[in-house]
Amino acid sequence: MRTAVVRVGVDVAGELAPAQLRDGMARLRDLAGPAGFEMVENDLANLPPQRREVELLIAGDDPADLQRRAVELCANAFGTTPVPGVLTYISRGTDDDAHGVLAGLGLTGEIDRVASDDGWDVVHVTLRKDDLKRVPESRVHTALEASLNCEVHIRTV
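Position 30 of the sequence shown, counted from 1, bears residue number 30 in the numbering used here, the numbering being contiguous throughout.
Hints listed in this document are in silico derivations from the structure and should not be mistaken for laboratory results. Misleading hints may appear alongside valid ones.
[Stated by the list, open to error] Per label pair, the in silico range of CB-to-CB distance:
id, residue 1, residue 2, range
1, G106, E41, 29 to 37 Å
2, A59, W120, 23 to 31 Å
3, R27, E110, 42 to 50 Å
4, H141, V86, 22 to 30 Å
5, E72, H124, 22 to 30 Å
6, R134, P18, 29 to 37 Å
Built from N, CA and C at the ideal position, the CB exists for glycine as well.
Whenever a hint applies, use it, and build me the whole structure from the sequences.
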């Protein structure tokens, strides 16, 4: 399963005092673990209001569900009306990451990982020719290489 970095603006209007922000972070820390989230530590009190975002690491593939869960948790912790921010995924170079990249492009495919003669990973991705009519192969190739940090070969069927 992929790990998302879910960003949530918790005080974009700048209404919370530094002590309230620290208390909210402490409550969020207490709530995050039992919810299955990992929290990235940020000193919100020293940030301008428009950058007062928390970052939560959450395992999952449904961006809307991940954002909803993160916003609910932040609302409970800070007592504000949080604003969902940008959601990205951490890439560890796994086959799940490759499937996630393909899904993000609206594609499905087969992933086959082999070791090169030098011991480096080479990932062979098999896609349908019809799918590459919608998304250029170069875009798929670049996204996969960036996510996997290894050599990628695309085959079509």
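Against the structure, the hints come out as follows:
no., hint, verdict
1, G106 - E41: 29 to 37 Å, "35 Å, holds"
2, A59 - W120: 23 to 31 Å, "28 Å, holds"
3, R27 - E110: 42 to 50 Å, "45 Å, holds"
4, H141 - V86: 22 to 30 Å, "24 Å, holds"
5, E72 - H124: 22 to 30 Å, "41 Å, violated"
6, R134 - P18: 29 to 37 Å, "49 Å, violated"
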